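*Asks:* Below, each chain spelled out in residue letters.
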Amino acid sequence: MTSELDIFVGNTTLIDEDVYRLWLDGYSVGDAVALRVRSGILEQTGATAAVLQSDTMDHYRTFHMLERLLHAPPKLLHQLIYQIPPSRQALLIERYYAFDEAFVREVLGKKLSKGTKKDLDDISTKTGITLKSCRRQFDNFKRVFKVVEEMRGSLVDNIQQHFLLSDRLARDYAAIVFFANNRFETGKKKLQYLSFGDFAFCAELMIQNWTLGAVGEAPTDPDSQVDDMDMDLDKEFLQDLKELKVLVADKDLLDLHKSLVCTALRGKLGVFSEMEANFKNLSRGLVNVATKLTHNKDVRDLFVDLVEKFVEPCRSDHWPLSDVRLFLNQYSASVHSLDGFRHQALWDRYMGTLRGCLLRLYHD
Amino acid sequence: MPGKLKVKIVAGRHLPVMDRASDLTDAFVEVKFGNTTFKTDVYPKSLNPQWNSEWFKFEVDDEDLQDEPLQITVLDHDTYSANDAIGKVYIDIDPLLYSEAATVISGWFPIYDTIHGIRGEINVVVKVDLFNDLNRFRQSSCGVKFFCTTSIPKCYRAVIIHGFVEELVVNEDPEYQWIDRIRTPRASNEARQRLISLMSGELQRKIGLKVLEMRGNAVVGYLQCFDLEGESGLVVRAIGTACTLDKLSSPAAFLPACNSPSKEMKEIPFNEDPNPNTHSSGPSTPLKNQTYSFSPSKSYSRQSSSSDTDLSLTPKTGMGSGSAGKEGGPFKALLRQQTQSALEQREFPFFTLTAFPPGFLVHVGGVVSARSVKLLDRIHNPDEPETRDAWWAEIRQEIKSHAKALGCHAVVGYSESTSICEEVCILSASGTAAVLNPRFLQDGTVEGCLEQRLEENLPAGCGFCHIPYDELNMPFPAHLTYCYNCRKQKVPDVLFTTIDLPTDATVIGKGCLIQARLCRLKKKAQAEANATAISNLLPFMEYEVHTQLMNKLKLKGMNALFGLRIQITVGENMLMGLASATGVYLAALPTPGGIQIAGKTPNDGSYEQHISHMQKKINDTIAKNKELYEINPPISEEIIGSPIPEPRQRSRLLRSQSESSDEVTELDLSHGKKDAFVLEIDDTDAMEDVHSLLTDVPPPSGFYSCNTEIMPGINNWTSEIQMFTSVRVIRLSSLNLTNQALNKNFNDLCENLLKSLYFKLRSMIPCCLCHVNFTVSLPEDELIQVTVTAVAITFDKNQALQTTKAHVEKSLQRASTDNEELLQFPLELCSDSLPSHPFPPAKAVTVEKTSPMGEGNFRNRSAAPCANSTVGVVKMTPLSFIPGAKITKYLGIINMFFIRETTSLREEGGVSGFLHAFIAEVFAMVRAHVAALGGNAVVSYIMKQCVFMENPNKNQAQCLINVSGDAVVFARESELEVVSTQQPAANCQPACTGGEVTT
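Here the protein sequences line up with chains A and B, keeping their order.
Each residue of the first sequence is one higher than the one before, counting from 1 in the numbering used here.
Each residue of the second sequence is one higher than the one before, counting from 1 in the numbering used here.
Hints are computed from structural coordinates only; laboratory data are not their basis.
Please note that the accuracy of each hint is not assured.
[Claimed, not checked] Computed spacing ranges between beta-carbons, pair by pair:
1. A/Ala102 <-> B/Asp84: 46 to 52 Å
2. A/Asp25 <-> B/Asn951: 52 to 58 Å
3. B/Ser763 <-> A/Ala102: 29 to 35 Å
4. B/Gln50 <-> A/Gln239: 42 to 48 Å
5. A/Thr48 <-> B/Ile182: 49 to 55 Å
These numbers were taken from a predicted model, which means no experiment stands behind them.
Each residue gets a CB set at the ideal place from its N, CA and C atoms; glycine is no exception.
Pulled out of the complex, with its shape left as it was, chain A reads as follows (with noise of 0.2 Å):
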């Protein structure tokens, strides 16, 4: 006796989250069973493993047609075939669209392209993900990366609205589909101590300050084309910022910024006299940054060249963060009392932000 066809089908479609989570996670029915059978389920409910096997099977193929919806939740939304209730629907997008740290680690800053597709075989073996969840997962930037990619306004507003996603996760979509788009590079091994958070917070910050939508927020023309996109950093901007080049270049201006720095620092840094030996190469380490930002490679390295330049040596002298933050501050205000420098607003939004990144990089 085989059983040629068994289906059950609700007139509300059946959702089970932890064979929601299995089916996601990338295991085949057997393996789902095995391990639904592991987790001590035929004891609770008295069922038998063909039971099991036969509902697995069924929520599978549930998931399966919904799949095409999830690729477009709008459509779950609107379309009559399943209904689920919306609380339902939510929890089905926004557990499709979660990623695993492992995962987005490995390819964030990548390009969303059929080559970095190619690798997901390495990252499954080196993260321990199934291959068919990475796929999901890289399917899933690179939908929202094609969606939103030509958008105008919000990014984050324009992925919510796309892909239904809860506040949290379509920030993170953003910093994914951001640093996709500019490709920055997260992979090298002295990054490697560094989260996906991490990248996320600077990357809010850098979509909020170093962006054309970040100026766009003053009245602009609404017909022009290029304005309003949070994808790209305002290629003006960087342009300016070789302005800030002054600041290391002038030795005048670089030993008065110094002088001011200490000055206020004096007695409230336990690292004061390393800070004092460092400033000089601290200070042109941030500056450089600035300066190169012009360069597509340059900008690729941003968090290497931070790294390197800044969070490095600090962590070399044993800044504990306060000192760190109270270094930054100090450092960035200065510049507004150096009355040679004319680039106070230039330089606020490159600080700005940047002072925001350091911080968040700086941890071990």
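Keeping the supplied structure of chain A fixed, place chain B upon it in accordance with the hints.
*Replies:* This is chain B only, laid out in the frame that chain A set:
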């Protein structure tokens, strides 16, 4: 020109990409009704076209309005080649033809293609303007309401229940016409869908005409079926119960009305032939009139206005006997005489109802059924389907005579079915023989006085169990005892019925689903030989099924079966029998005896031991079941008073059919004169039987199941319901199949299916599967297909315990209620007579309390990201009601037929993927139609057919599904104004106070 149909095509969405080059579609729409077609403009390059068309107007006969479906075809415009069809929508406009139902059909309909399934949606608005007066309708039958519900619909009252209506139409099946060889599968499927739609429209119209002839205005319990006879044609047949229904505008409005019957009478001016006796009876016994909720005056007036024109339905004899009754003669005899005369006028005194207005059902005799094996031949003249008519007439005649043999003049819970394999067809009909109260049956001649006094003599809760037949001249040997409730009338010791449990029946404990399953191998044969072989097997199958049911019932410690449905399915090389019913313990019937086993060779010691071991196991199971289903009848100390020295304490014996009042089919199931015998384990077969008895696993704790509308003993449902369909097909290994192996396979199939359901629905615990409906078919040689549709309803566990107790108390109290008490609470029956309303008004509180868990609150929960959902929830249920809610309006019948075919079975996920998607699509289309009618639920939903055929080698499959139900609008009880429930509750619900205390 009796009607103008107006259609507007608004927009489309989610259309499929039809032009690969642009990834877009140039869609336009054809709207067709009858022979007229309109087209919209092409909306270029969009998957979400906005046509916003003008109103397309069709001027048509009302006959066409009833028969024809509105056909909407969405196409992709192609400049150079033929336009490609995207899909179609068929809209049945029947609900727009009667005033109380929907006024407009407006909404998003899935665009359906028989090859690709649902491909996007289209927004359509449909209206009908009817120009003529009501009289004109009589030529068609517009205005006759149809209900699938097999009880009086909730917001109506039955003025008269006229009786049986049936009709069938036949045609050639397009699939078997010569043209099918040259046309595409899509064209063939669409031709079939359209033909069946037309045929059902025609059938409905014809039935409507019969109803109008009978002076009714509605058909209740309408059941329409298709017989796909293959080469020999396509039969669409329907049965139903013609009624005259009155709309209850609101609960508040009808309650006062029942207190003032005379006032209402004055309002009817055309009362030409007033019967003075009739009129005086009202005021002379005012209190008794009030006992009845529904003022009888209205029915009088109808009678008088119609009696002179009525053809054969008004029993003139009843008129005379009326006055005699007032003198207080032998009521029962008179009643019978009256009813009989009322019913004898009818060709078939059958009723497709399974639940009845209070007082309608007087006595129940038992199940009557008849089967007949026929050889199909080509239907030569589709306009005169005489052969098929004659076949059914024959069977109905048989049923009628069976009922008569049981001393009954009517058959209730009546249904008909067929099973076809190649050219052999088994026709089956079954029902429950019963004695009915004539009050609802005839157009007058009924004196409230007579009946009511009679009713008072009949104790509530047990009257229907009392035998209708003469105990000295019983149709079969049966053990009778005095009723355990009233101690006045005789009752059988076991009762089988096809109806729902009457609401006033006193039940102890809970009920449970009982199934008998059986397979019999049959040699492959042709034509006559085949038919003969089947005919010969049938009696044995009936006998076996019956024995199994009886044994399983006893094993559960119960004494009555409700909702019994025995399905015999014929295949190439086997016959399958599946009987489902809900077992209960009726307080009025005696405690069932146990089961005793005896060995063949009593001298063999070890054998004896084995037997006694089995016996112990059986006894243990019975004891366990009694505990599980809370069957603890009060030990009656009055047995001494019983004049019948019934050897009740002695355990009853297996296979002693003699004790039952059951099916009177062709065969005598009573084992002749052999009054009692022991189950002899004399062969492996018998051993198997006993084993299979013991292997039936009870549902896991927290689960109950029944195949009736509601579960006795549970009455605090929450609003959380889940309707589902589950289909399983197994392939038998063809190697030397034996009957036993087959039985085991089939048994396992059903048991596993149930287990899967329990597992799947475990999150709903405590929960009851209601209206569990199994259908078996044998699509191929080695395939068995089982389809189950049911609804799972969560109930509140804590309250269940309390209210059950209260319920028992209440029923006990009721049983002892004498006339005086009845007079003190004259309105009690009034409230009860809301036909079988399963929720006492006190429940409103319960609902509010439990609803946060139910589906009803999804809208509130949706506050999160998905708040902008536009799709309204449509509930579907096979029951006639929605738990925790009140049906406020019936919008019309839903009767849909779909075909789905694929030539890429593997790509669509194999047979399971294909059928899963199709059933989901069918649900979606039903919901969309209901929503477009303005409804939010389908009640009495049934999947009447699910014919699945596969050819995996060719990567093909085809499936036909037929579903029906009643589209309704419901409102949550908590949403309804509390005032309306409070008002009656204040003064006329003494019986419910028990329930109120517990909430």
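*Asks:* Now tell me if each hint is right for this structure.
*Replies:* Evaluation of the provided hints:
1. Restraint check, A/Ala102 to B/Asp84: a C-beta distance of roughly 47 Å satisfies the suggested window 46 to 52 Å.
2. The hinted range of 52 to 58 Å is not satisfied by A/Asp25 and B/Asn951, whose Cβ atoms lie roughly 36 Å apart.
3. Between B/Ser763 and A/Ala102, the C-beta spacing of about 32 Å keeps the proposed range 29 to 35 Å intact.
4. Range check, B/Gln50 to A/Gln239: about 45 Å between beta-carbon atoms, so the 42 to 48 Å window is met.
5. Against the hinted window of 49 to 55 Å, the Cβ-Cβ separation of A/Thr48 and B/Ile182 comes to about 51 Å, which satisfies the hint.
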